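Trainee: Whenever a hint applies, use it, and build me the whole structure from the sequences.
Heads up: the sequence lines are chains W, C, Z and R, in that order. Going by our numbering, the first residue of the first sequence is number 1, and it counts up by one from there. Going by our numbering, the first residue of the second sequence is number 1, and it counts up by one from there. Going by our numbering, the first residue of the third sequence is number 1, and it counts up by one from there. Going by our numbering, the first residue of the fourth sequence is number 1, and it counts up by one from there.
No lab work stands behind these hints, which were simulated from the structure alone. Source: prediction; values computed, not measured. It is possible that some hints are incorrect.
[What the hints assert, rightly or not] Partial selection, computed: residues in chain R whose CB lies under 7 Å from chain W:
hint	residue
1	G57
2	G79
3	L105
4	V137
5	S140
6	G142
7	H165
8	L175
9	V186
10	T188
11	H200
12	L227
13	Y230
14	A231
[Said to hold, decoys possible] Label pairs and their in silico Cβ distance ranges:
hint	chain 1	residue 1	chain 2	residue 2	range
15	C	E191	Z	N17	32 to 38 Å
16	C	S109	Z	D163	33 to 39 Å
17	W	S24	C	Q267	47 to 53 Å
18	Z	E51	C	D163	34 to 40 Å
19	Z	P122	C	A190	52 to 58 Å
20	Z	G53	R	E69	38 to 44 Å
Virtual Cβ for every residue (Gly too), placed ideally from N, Cα, C.
There are 4 protein chains.
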Amino acid sequence: MSQPAPRHSVTQLPQHNHRLQLSSPPVLSDPLAERLHRKQRLAAGYRLFAELGFEVGLAGHFTARDPIEPDHYWINPLGVPFSQIRSRDLLRVNGEGEVVEGDGLLNTSALELHYELQRARPDVVGIAHLHGFHGRVWSSLGQLFQPITAESSAFVGEQVLFDRHALRNADGTLLQDRDAVAQAFVETFAEHNLLVWQNHGLWTTGQTVESAAWRFILADDTARAHLLAYAAGQPRIPQQAESVSTPAQRELFGWLNFLPLWDRVVQQQPDLLD
Amino acid sequence: MSQPAPRHSVTQLPQHNHRLQLSSPPVLSDPLAERLHRKQRLAAGYRLFAELGFEVGLAGHFTARDPIEPDHYWINPLGVPFSQIRSRDLLRVNGEGEVVEGDGLLNTSALELHYELQRARPDVVGIAHLHGFHGRVWSSLGQLFQPITAESSAFVGEQVLFDRHALRNADGTLLQDRDAVAQAFVETFAEHNLLVWQNHGLWTTGQTVESAAWRFILADDTARAHLLAYAAGQPRIPQQAESVSTPAQRELFGWLNFLPLWDRVVQQQPDLLD
Amino acid sequence: MSQPAPRHSVTQLPQHNHRLQLSSPPVLSDPLAERLHRKQRLAAGYRLFAELGFEVGLAGHFTARDPIEPDHYWINPLGVPFSQIRSRDLLRVNGEGEVVEGDGLLNTSALELHYELQRARPDVVGIAHLHGFHGRVWSSLGQLFQPITAESSAFVGEQVLFDRHALRNADGTLLQDRDAVAQAFVETFAEHNLLVWQNHGLWTTGQTVESAAWRFILADDTARAHLLAYAAGQPRIPQQAESVSTPAQRELFGWLNFLPLWDRVVQQQPDLLD
Amino acid sequence: MSQPAPRHSVTQLPQHNHRLQLSSPPVLSDPLAERLHRKQRLAAGYRLFAELGFEVGLAGHFTARDPIEPDHYWINPLGVPFSQIRSRDLLRVNGEGEVVEGDGLLNTSALELHYELQRARPDVVGIAHLHGFHGRVWSSLGQLFQPITAESSAFVGEQVLFDRHALRNADGTLLQDRDAVAQAFVETFAEHNLLVWQNHGLWTTGQTVESAAWRFILADDTARAHLLAYAAGQPRIPQQAESVSTPAQRELFGWLNFLPLWDRVVQQQPDLLD
Numbered sequence: 001m002s003q004p005a006p007r008h009s010v011t012q013l014p015q016h017n018h019r020l021q022l023s024s025p026p027v028l029s030d031p032l033a034e035r036l037h038r039k040q041r042l043a044a045g046y047r048l049f050a051e052l053g054f055e056v057g058l059a060g061h062f063t064a065r066d067p068i069e070p071d072h073y074w075i076n077p078l079g080v081p082f083s084q085i086r087s088r089d090l091l092r093v094n095g096e097g098e099v100v101e102g103d104g105l106l107n108t109s110a111l112e113l114h115y116e117l118q119r120a121r122p123d124v125v126g127i128a129h130l131h132g133f134h135g136r137v138w139s140s141l142g143q144l145f146q147p148i149t150a151e152s153s154a155f156v157g158e159q160v161l162f163d164r165h166a167l168r169n170a171d172g173t174l175l176q177d178r179d180a181v182a183q184a185f186v187e188t189f190a191e192h193n194l195l196v197w198q199n200h201g202l203w204t205t206g207q208t209v210e211s212a213a214w215r216f217i218l219a220d221d222t223a224r225a226h227l228l229a230y231a232a233g234q235p236r237i238p239q240q241a242e243s244v245s246t247p248a249q250r251e252l253f254g255w256l257n258f259l260p261l262w263d264r265v266v267q268q269q270p271d272l273l274d
Numbered sequence: 001m002s003q004p005a006p007r008h009s010v011t012q013l014p015q016h017n018h019r020l021q022l023s024s025p026p027v028l029s030d031p032l033a034e035r036l037h038r039k040q041r042l043a044a045g046y047r048l049f050a051e052l053g054f055e056v057g058l059a060g061h062f063t064a065r066d067p068i069e070p071d072h073y074w075i076n077p078l079g080v081p082f083s084q085i086r087s088r089d090l091l092r093v094n095g096e097g098e099v100v101e102g103d104g105l106l107n108t109s110a111l112e113l114h115y116e117l118q119r120a121r122p123d124v125v126g127i128a129h130l131h132g133f134h135g136r137v138w139s140s141l142g143q144l145f146q147p148i149t150a151e152s153s154a155f156v157g158e159q160v161l162f163d164r165h166a167l168r169n170a171d172g173t174l175l176q177d178r179d180a181v182a183q184a185f186v187e188t189f190a191e192h193n194l195l196v197w198q199n200h201g202l203w204t205t206g207q208t209v210e211s212a213a214w215r216f217i218l219a220d221d222t223a224r225a226h227l228l229a230y231a232a233g234q235p236r237i238p239q240q241a242e243s244v245s246t247p248a249q250r251e252l253f254g255w256l257n258f259l260p261l262w263d264r265v266v267q268q269q270p271d272l273l274d
Numbered sequence: 001m002s003q004p005a006p007r008h009s010v011t012q013l014p015q016h017n018h019r020l021q022l023s024s025p026p027v028l029s030d031p032l033a034e035r036l037h038r039k040q041r042l043a044a045g046y047r048l049f050a051e052l053g054f055e056v057g058l059a060g061h062f063t064a065r066d067p068i069e070p071d072h073y074w075i076n077p078l079g080v081p082f083s084q085i086r087s088r089d090l091l092r093v094n095g096e097g098e099v100v101e102g103d104g105l106l107n108t109s110a111l112e113l114h115y116e117l118q119r120a121r122p123d124v125v126g127i128a129h130l131h132g133f134h135g136r137v138w139s140s141l142g143q144l145f146q147p148i149t150a151e152s153s154a155f156v157g158e159q160v161l162f163d164r165h166a167l168r169n170a171d172g173t174l175l176q177d178r179d180a181v182a183q184a185f186v187e188t189f190a191e192h193n194l195l196v197w198q199n200h201g202l203w204t205t206g207q208t209v210e211s212a213a214w215r216f217i218l219a220d221d222t223a224r225a226h227l228l229a230y231a232a233g234q235p236r237i238p239q240q241a242e243s244v245s246t247p248a249q250r251e252l253f254g255w256l257n258f259l260p261l262w263d264r265v266v267q268q269q270p271d272l273l274d
Numbered sequence: 001m002s003q004p005a006p007r008h009s010v011t012q013l014p015q016h017n018h019r020l021q022l023s024s025p026p027v028l029s030d031p032l033a034e035r036l037h038r039k040q041r042l043a044a045g046y047r048l049f050a051e052l053g054f055e056v057g058l059a060g061h062f063t064a065r066d067p068i069e070p071d072h073y074w075i076n077p078l079g080v081p082f083s084q085i086r087s088r089d090l091l092r093v094n095g096e097g098e099v100v101e102g103d104g105l106l107n108t109s110a111l112e113l114h115y116e117l118q119r120a121r122p123d124v125v126g127i128a129h130l131h132g133f134h135g136r137v138w139s140s141l142g143q144l145f146q147p148i149t150a151e152s153s154a155f156v157g158e159q160v161l162f163d164r165h166a167l168r169n170a171d172g173t174l175l176q177d178r179d180a181v182a183q184a185f186v187e188t189f190a191e192h193n194l195l196v197w198q199n200h201g202l203w204t205t206g207q208t209v210e211s212a213a214w215r216f217i218l219a220d221d222t223a224r225a226h227l228l229a230y231a232a233g234q235p236r237i238p239q240q241a242e243s244v245s246t247p248a249q250r251e252l253f254g255w256l257n258f259l260p261l262w263d264r265v266v267q268q269q270p271d272l273l274d
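Mentor: Shown next as structure tokens:
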């Protein structure tokens, strides 16, 4: 049923003397191949999010910029269970919020957030906002992550808090204008890769679909770590990270960490490639 | 083994330009088809509750008003594992607590609660009371939900606390008269869709089987969110919801959110339709 | 492979007008059939404990008094994974700690505790001590359960705390004599059905294998409920139970609540009957 | 596909009168058989760690000293999902960090830690460092385990805390020299079997692959126990262990407790033996 698809298993990466030889994720020269690559990683991401319990009814969206029409993005069809999403089920949406490719219902709740964020950040390909349990709960405390573990440290300097309830009209009522909210969201996000939307949940970005997905998985895990650590006591906060890295290194690292998950889920659920 | 059953997958909903065109859940004109519709959603609900760990021995009941005899309701046979319940296993019960259709043992622990609540609330079709872990634990704290997340906000204005231990006879002993307890229960419930029975657990209602089931699943998740948030710190409480909705919109929203779960469980366990 | 075995599914219980007609668990007149009945429930119990994560390496034992030689009991062979235990794998042990039927290694860590407890309690058939996570953790707090939920209420008046570290020799050192520890254990247990061994875990008893197993499952769940409730806040403690019951009713209730679990696990893993 | 492999199921251990007759884990006289034995237990350990959720992207390494070249060790290929690792996938690494047997990418993040620890501890065969959730979170609190349960007691006297952030250069900046960090790590570890790397996670050692794996599983479970106990209240700390044991007994005990896990995982996933 499924065609052999391009894979980027860790075992196929360029290496020398058993050491990885790669400074950034490989780019496919054929735009159509790159499109398929992104769509399949998007579908794999939804499958993984389903396993992790990140699906809450109709909520959640994970998008990928199209490599051919860079102001278009791919998104899941509303209401199709994450565990059943295949590459061909995805919808391509343009800047007017119109579906230009694919069948299915469109989730209109956050169209302008994805669009405006991709427009403001030419480096960004993947944007993830799922309703993972621990990210939602942590967001209610209105705090950023502390470097309490090696995993948490990855977010230091990459994260920002967004208090949507602080957006008010002149008369003090809550701002409801969607374009203005989107504008504030994008300005707050700025160049970060994790946004904690207070009393709502997490958003992550990545220069690849893979790194955006990995950051989201790691951010929900980090939220859980904070919830348990602070319930049990007072974590110690190191003043300095064990190791420092550049933005490019962090992108590569996020991309690499997604690969074992990709390899496993594709082996177990090859229909996602369809 | 199982006959093709009417389905209401999200993919089959009326839509225009990839947008949902629906202001309320569709109603089946054939009463027998509507009866089957409700019974199958009830069976699917039990399967989902089993997955979510909401089954505790013999405890729990989830009922649907019959569309033909509106003072009758359908309920699970006592002691049949939730994970094995099929549509045809359900019992139809009348106002005298007699089984008028179906085979199996009747759970008599809450007959009058379901009956009286349906009598007092002609709009209600589904009533759910399962012993989900987090709902039980949260109920012991004797508090309502706060809008700490988007999901929690759905219960603001829709919930009420019931302190059954405050029901006393004139001599101060605990009220044991079942009819009087049922009356107090119904009066407390009033027009809400979530009742927190202190030191016991959660009850939800809906104008459809689907919305009652979804509210129960979301309420147990919300209980878990509160338990973890308050263990870790002090959540921030927004003074105003991000978005406001009418009761009819909330009903439609609850109904819609159940659909991905329905689609998945019917695909994985089609015998529930039998 | 497996022979048809006597089953006591809820659907086969005596009933009238869809109401259960039973005041105590049925007793099989044929002692050999009763022996097989107990062994199969024991094996099913181990399978369920495996599912629930109650297996920790070699730890844990769940025993059933033999109906023919009432000072003998049946126990699991040490080191066989709980998820693989079949009826025929069980060992029969006499009062001298000798295996008189069955093959396999004997867990000698608690022989005298099971034996002395069964000797002191002629009513007891099943005794369960597994290293379930939440029971272990709760035991470290050195407290009994409070009636914070309906499930917790089942243990009020049925539970006792055992502080093994308070057993001291005249010189203040910890008592190591195994017979003396067993004697103190039995005296503390007295007529209760739940013993909280401080800094160790839970023990439950029952007049049937089924009720002992159900009490253990419910006790570990209750421990989890207490841990989460007290982490999140201060639970409210009702002064009076919603309903009162006799010891015979509680035995029947425990036995009944095990049946849905039995029905499911036998259907899914029929090799346990072998 | 898989060849029959040497097994050490509990059911095959030397016994007399249903009692285990063994004072230390059996050693295979054929070095090649011992090498295969270790590699297969290593692969089984990765499979179990995957089940337990200890895999976090590319993180984690579990090594076994080679019995033929005792300054070489076996390690997993970087990025292969733990759930898919087979015996033949493992890499053999020498003291220069070169792969001398096997194909795949090498995880260079901790080469010198494994090597120097094995060099300093001739008794050690297995070394485990996985990113299990609860061990990571507990490490952020900067504390050792207390004997709050029987399981926790196993670590008393066997554990040490390592504060890597306290390693500073003369100018106060964080020490980055890898050899110096490795030296401090080995000196801190000393003769213990559990090291809590503050703000990072857990390390365990064993004289067998099995005992190192069991200690790691038990240590992560113990971390979870501490997190929940301290969130809920104040655990009571016994002044004296229920039973005392020698290091040799603890090694045997750890080895034995791994066997039920081994038996189960080999039955369910025999391809790990390949």
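Trainee: Against this structure, judge whether each hint is valid.
Mentor: Okay, the hints, checked on the actual structure:
no.: 1; hint: G57; in the structure: holds, 3 Å
no.: 2; hint: G79; in the structure: holds, 3 Å
no.: 3; hint: L105; in the structure: holds, 6 Å
no.: 4; hint: V137; in the structure: holds, 5 Å
no.: 5; hint: S140; in the structure: holds, 4 Å
no.: 6; hint: G142; in the structure: holds, 5 Å
no.: 7; hint: H165; in the structure: holds, 4 Å
no.: 8; hint: L175; in the structure: violated, 10 Å
no.: 9; hint: V186; in the structure: violated, 17 Å
no.: 10; hint: T188; in the structure: violated, 16 Å
no.: 11; hint: H200; in the structure: holds, 5 Å
no.: 12; hint: L227; in the structure: holds, 4 Å
no.: 13; hint: Y230; in the structure: holds, 4 Å
no.: 14; hint: A231; in the structure: holds, 4 Å
no.: 15; hint: C:E191 <-> Z:N17: 32 to 38 Å; in the structure: holds, 35 Å
no.: 16; hint: C:S109 <-> Z:D163: 33 to 39 Å; in the structure: holds, 37 Å
no.: 17; hint: W:S24 <-> C:Q267: 47 to 53 Å; in the structure: violated, 40 Å
no.: 18; hint: Z:E51 <-> C:D163: 34 to 40 Å; in the structure: holds, 35 Å
no.: 19; hint: Z:P122 <-> C:A190: 52 to 58 Å; in the structure: holds, 53 Å
no.: 20; hint: Z:G53 <-> R:E69: 38 to 44 Å; in the structure: holds, 39 Å
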